[in-house]
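Chain by chain, the residues run as shown.
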Amino acid sequence: MPDSTSTQDCWGLPKDAAEADDWSVPGPRRTRPAEMATGTLVRLASAGDESAWNALVDRFTRLLWSVPRAYRLDPTDAADVVQVTWLRLVEHLDRIQDPERLPGWLVTTARRECLRVLGRGRREYVGSGWDEADQLPDETAEPLDTKLLADERDAALWRCLRQLSERCQRLLRILMATPPPTYVDVSMALGIPVGSIGPTRARCLDRLRELVAEVGLGAIDPETGR
Amino acid sequence: MDQAPRPDREHDALLARLGEIVDVVDPVPEPIYQMAYGAYALRDLDAELARLVDDSALDGAVPAGVRSGGSDVRTLSFQGRDVTIELQVTRHAERRSVLGEVVGGEVAEIRLEGSRLAEAVAVDDLGRFSVDDLPSGPVRLRIADGTGTQVVTDWVAL
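In the order they appear, the protein sequences are chains S and P.
First residue of the first sequence: 16, per the working numbering; consecutive thereafter.
First residue of the second sequence: 43, per the working numbering; consecutive thereafter.
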């Protein structure tokens, strides 16, 4: 039995060290939360470990943000979608069937929240399914600030992306997220068949390459994408 | 595993570059991280969870033409083990008003919780309550019966 006078967290670390988040302290080899498997983090967070929860937030918030942004929700609605998804997870931590598949649970929850916003606020978009996607008017998207991009070639690439069909933009917005979602997760995020993702991805990226060539950005290096 | 075969390295490189760009032009706003870290502190292991089982806003997103009229009223149902909570939410621009009813079980107290607010809500003998002038955003209800048993609903963004 460990010394009962010292409180320890799930990795056998002294509590205060964990709370200080000081992972640089030399000592026996241990795994940082950021390096742990998702399923492990879910189980630890479910058991009360806040640093495991924070690691989940750090790992998946960018992917989650990509879902409402793919659906073209404005930043306020998108923030609500992400917030509700994390709040729901807190109460469902010990009910997640397969903790390793957490990203699927997260994007499914976020997608339902997106449909809720779309069903509520923009009736003309009811359905908001794959087939209707090409009909969504482009003015719903606020122009993202390409001035933030130091590289003019990046800005030009982004402008080309904005000329793609709504369907392509939606799919690529999810696919470019970090960490890269599996096709199963993409399927759950957008409510589309897994088998349609690869061919659509290829078609959209081919079209993007054509647009890039038209504006004279030159050939794209297959190694760097530049 | 469930990744399709990669047809083209150039596609991968292009997508990777788009991933770098999107982190600049459409980053996650920092307050979202703070909110998400903070969500953990709102975890309640003692209360029973009443799950969202019906939401007219979600019904409306599936087939067109089945929505009830043109009014912007949303109905939600939460189901706990012994209680059902029904809400009717009306939007007024950025504000919300809520009419609610708790069915089954005795209700001693109802609190409305947001990520930053918690307020007691007056409830009548029939389990009915109303809240006016609520800001939009995520909320849940906490219901206590006379014996100290607590029920919390799933979080919903109103």
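Hint data in this document are derived by calculation from the structure and do not stem from the laboratory.
A few of these clues could be false.
What the hints assert, rightly or not - Chain S side only, calculated, beta carbon under 7 Å to chain P, not exhaustive:
(1) SER61
(2) ARG74
(3) TRP80
(4) ASP95
Stated by the list, open to error - Reference listing, derived: stretches of chain P covered by chain S, where coverage requires no fewer than 3 residues with Cβ under 8 Å from a Cβ of chain S:
(5) 116 to 125
(6) 162 to 170
What you are looking at is a predicted structure, and each value in this text was computed from that prediction instead of being measured.
In this text, a Cβ means the ideal position worked out from N, Cα and C, and glycines have one as well.
Consistency of the hints with the structure:
The beta carbon of SER61(S) comes no nearer than 10 Å to any beta carbon in chain P, farther than 7 Å, and the hint placing it at the interface is violated. Contact between ARG74(S) and chain P, as hinted, is not supported at the beta carbon level, the nearest pair being about 11 Å apart and thus beyond 7 Å. For TRP80(S), the suggested interface contact is upheld, since its CB lies about 4 Å from the closest CB of chain P, less than 7 Å. Taking 7 Å as the C-beta contact cut-off toward chain P, the hint placing ASP95(S) at the interface holds, the least distance being around 4 Å.
A count of 1 residues in the segment 116 to 125 of chain P with a Cβ less than 8 Å from any Cβ of chain S is obtained; the coverage claim is therefore unmet, three being the minimum. Residues of the segment 162 to 170 of chain P with a Cβ under 8 Å from some Cβ of chain S number 0, which does not satisfy the need for three, so the listed coverage is violated.
Hints 1, 2, 5, 6 from the earlier list are contradicted by this structure; the remaining hints agree with it.
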